Structure formats: structure tokens, C-alpha cells
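Q: Heads up: the protein sequence lines correspond to chains A and B, in order.
Each residue of the first sequence is one higher than the one before, counting from 3 in our numbering.
Each residue of the second sequence is one higher than the one before, counting from 5 in our numbering.
Just so you know, the hints here were simulated from the structure itself, not pulled from any lab data.
The structure displayed is predicted, hence computed values, not measured ones.
In this text, a Cβ means the ideal position worked out from N, Cα and C, and glycines have one as well.
Check each hint, because a few of them may be wrong.
If you anchor each label on the Cβ, the simulated ranges turn out as follows [unchecked claim]:
id	chain 1	residue 1	chain 2	residue 2	range
1	B	F241	A	S35	39 to 47 Å
2	B	Q30	A	A30	52 to 60 Å
3	B	P324	A	R11	49 to 57 Å
4	A	S4	B	R290	38 to 46 Å
5	A	S4	B	G167	28 to 36 Å
Computed, partial: chain A to chain B, Cβ under 10 Å [to be verified]:
id	residue
6	A9
7	R10
8	T17
9	F21
10	V37
11	S39
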Amino acid sequence: MSKQQAARRRGVRRTVLVFAAVAVAIYAAFILSGVLSSGVLAGAGAP
Amino acid sequence: MATHYEAAVDTHGHTTDGHDDHAHAQGFVDRWFFSTNHKDIGTLYLLFSFVMVIIGAAISVGIRAELAVPGLQFVKPEFFNQLTTMHALVMIFGAIMPAFVGLANWMIPLQVGAPDMALPRMNNWSFWILPFAFLLLLSTFFVPGGAPAGGWTMYPPLMLQGGANVAMTIFAVHMMGISSIMGAINIIATVLNMRAPGMDLMKMPLFTWSWLITAFLLLAVMPVLAGAVTMLLTDKFFATSFFNAAGGGDPVMYQHIFWFFGHPEVYIMILPAFGIVSEIIPTFSRKPLFGYQAMVYAIAAIAFLSFIVWAHHMFTVGMPLGGEIYFMFATMLISVPTGVKIFNWVSTMWRGSLSFEAPMLWSIAFVILFAIGGFSGLMLAIVPADFQYHDTYFVVAHFHYVLVTGALFAIIAAIYYWWPKWTGRMYNETLAQVHFWWTLVFVNLLFFPQHFLGLAGMPRRIPDYNVVFADWNLVSSIGAFGMFVTPFFMFYVLWQSKRNGALAEARAWEGAKGLEWTVPSPAPHHTFTTPPVIRDGDLAHGDFAHMDYE
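All chains, please: the whole structure from these sequences, using the hints.
A: Encoded structure:
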């Protein structure tokens, strides 16, 4: 594998990890916003 | 003119990379089920999209048959609601989005000089999730309680009143979301890491630019949809109360979260169309694109604005006056970069050496008819007017002008434009023009009268209506029946081209620019395994000070 190919592979791996983490973080953040606003943590869950 | 790709072919027709014939050595199953080739996966996406178009169109014919005359004809009201919901889900997630992803798969590596997508195996996975997602979704027609009937927005509490379809629909939406996110990451990784040396960002073709920005949109909003439907799922099956007012939740919060996804989703379905039209109009105007950099910045501006306007879908739900005024003006702001784009397309054509082959006809129709959808969107952005228009057929007319004469027309333009590159065959221009004019007449018969119906007060998502709406409904239904034959006719045009079409040259269109036109037609199974030498004269856009336009 040439140096250029290795650099390209590292770049692809880094890009994927960063953006996959962003996607998971957004997913988690929106569910967390739902948890906080529905008051579940304050004990106001469904009857 | 010898291209640099042709220069890599020796006098015996062998390519220096020695990989071009791999497709012929593969069996059917290996090639199509385990494919890691961007061109094959692009073809799979496009075929899948075509099947979904047929299913979605068949559902819409059912809807329009029911609405052709007042009274109940063919279906019960609850089944009618299933039809409208499934039509939207199938067309949005099954037809329009996969078609654009298919075009991206085919063209982005060719346009940036990459040998393939950055993650070919994930590319295969992204595609093969989709047929299972849609099998699951469509199978809800056959479960007790039928398919989802609460609209594609899946608002609670209506959505949660569904039967077995709720879990199936939510799982299908999750799978579509995972597929889209993986596809978006793949496109971002490809464009950021796989461009040939010398292919600077500001030299990239507009189609690739539009997809790079679209991929960021997808990445930002598909997890939001996934989060929203996950909360729906737990509300339905795990006794949470995210959106249940009785348990302390808020159903309006779902609407905010959904439209935080839903409005950028609209732009996910139109930005690649902007890119396509920005490729085709310069080709058939035989001029460089007017205002390349402005076009890139306009797409980026539209993408940014799409995140801050979501509540214009919810004016009638109720919000503080300040919120209504903010969302109204923020929405209107989108017309500025959109106007820049339309101005630039028209300016590209201005004093060009125009010719009107099928891709150009579809593109010009796109510019004019999408603008109609844009203008009706501006009308809907006005808060007091929206109170009148909301949930009427005016809204139905608006978004069909954006998504059918906008997104779908651009997809058809792209297929005709790049078809010679994909297959090595030209299509029959006369038949393609018949396809265009037939579609143009019937699509306007179908959707334009819906403006009148909406302004007169006809609500959407109803199987029956007052007799005063009868005439325009009949006209609209005639349009729908005429439209239904068009995908079959297009299939015939392409099938006939594949079998008997004239051989296409590498640069199939005289005015075409871009790296994709430097490889032979049909494009070999593997291209750019050795990075190409970028010559400014080959580029579609960017640094065109050095280009050889006369």
C-alpha cells in the first residue's frame, strides 16, 4: 500500500468515525430532550 | 480529442488497470447481491426507486379514482387514509430519496475522479437494507388494522391508535434512517477523501457539491426522525409519556421534533435536483454555468435556513405571536438564495447556443414549475394566509409541484442525461420528447386544479367532498390517470435504447463538461483506478478562466 493510499484510508476512517459519532449524538440528544421535557425523571411518568 | 482515460488504453484495447472486465466474470448473485461496485449499486438504487414509483403511483391512482367524483366509490374512509399515508411514505423514502442516492452512487466517483465510493461494502449494506424496510412497510396492508393511516407525519395520538402496523412502520423507518445515514457518511467520506489530485472543492461539479451538502443535512436530521419514532415506540409499548398529555407529555413536542427533521427533509429531496439542473443547463446552453460560486453558496444557505424554519408547518397548532412572525420571515428568507439559483439558470441560458434535447426540456420545465411550487410556498409562509390554506388541497398542490415537477422531473432529466454514459447507447429522442410533452400536460392537469380546490376550501386527506368541488376533482383525476402511464412509457424508451439505441460517444453531448465525459461510454466497470490528471478544460465548473469556451 502506497503512502498516499494509507493516508487516504486514514482520512476515510477518521471521517466515518467523526460523522457516525455525530449521528449517534444527535439521536441521543433528541431522546434526552424528550426525557427531560416529559418529566419522567421527576417522577411524572404515565399512570 | 483523445481523453486522458483513452490515453491509458493501449492499441489492443486493453486498459492499464486490467480490471474493466470484472463484471463479466461475476455471476448474477455475486454481481448484484454482493456488489461493492458503485455503478452496480447505483443501478440497484435506481431500479428499486423505479419499482417504488410504480407502487406509489398505483396507490395514487387509487386515491384519485376515489376522488374522481363525489361520494364513496371504491374504498372505505379508513382505507383511504391508509392509501394517502402509504403513498407519501413510499414516494418520499422509497422513490425520490433512493433515486437521488442511486444517481450519487453512479456519478460522484466519476465526477471527482475516484475509483469507487470510500466504503464499498457499507454501500452494499445501505442499499440492501431498503428492500427489506419496504417489504416490512408494505406488508402492513395485510396485518389486522391495516397500514398506518395517520399521515406520513405519524403524529401522536392518531398514529398510536394504529394496530400491529405501528411497530412495523417504526422499525421500517428506523431501517430507512440507518440506510440514509450510512449513505450520507459514505458520500461525505468519498468527497472529502477520494477526490483526484487537483480536484479542489471549488472545481467540483455542482451535482457533487449539492450532494455533499445534502449528505450533511441527512446526517443531521435522520437521527432526529429516528429519535422521534423511538419515543413513539416507547409511548406505545413501554408506557412512557413523551407525547401523551395524560402522562405529563406533550403531543405538540412531537410535531416540533418531526418538522425539525421534516423541513430539511424537503431540501434533501430538492438540493440534488438543483445540482442536476446545474449540470444539464450549461451543457445544452453551451456556456459555463453563470455564477458557479454563488450557486454553491446558495445551496449551502438554503441548507442552513432549512434548519430554522420548521414551525411554519405548525402555524395553526398555536404558538406565540413572536414565534409566528419569526418563522414567517425566516421562511421567506429562503426565497433569496432560491431566487439566486433561478436567476443563474436563466442567465446561463441567456444568449447561449441552446438546443432542446430531452434532458434540457425536463430541466427547463423544472425551473418553471418548481418556481410555481416555490411561489405557492411563499403564500403558505404568510401566517394569516396559512390559517386559510392549512390542510387544504392548496398545500397538496404546493408540495406536489415541488416534489413531482421539481424533484422527479430533475431525476428524469438526470436519467436521460447520463443514460448514454451508463449504457453506451443513445435513447430515441422523438420518443423521449413524446414522454416529456405527455407528462407535462398531464402533470399540470393533475396538480394545477388542486390550487383552485384548496383556495375554495377543500380539505386534504378526505375520501369524499362537497359537490361544489366535483369539476376540478374530475380534471385532477384525469391528469392522474394520464400520468400513470408515463413511468411505463419511460421504461419502454430506455429498454428500446438499451437494445437498439445508437452507440454513444465518450462525450455523448457536445457541450458536456466534467470528468465523467472523459471515460468511454458505457463507463467501464472500474474507472479511475489510477487517479486522472485534472485538466481545467475537462471540468464542468470551477476555475473556468482556463476553459476553452469560445
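Q: Could you tell me which of the numbered hints above are not met by this structure, giving the numbers in increasing order?
A: 1, 2 and 5
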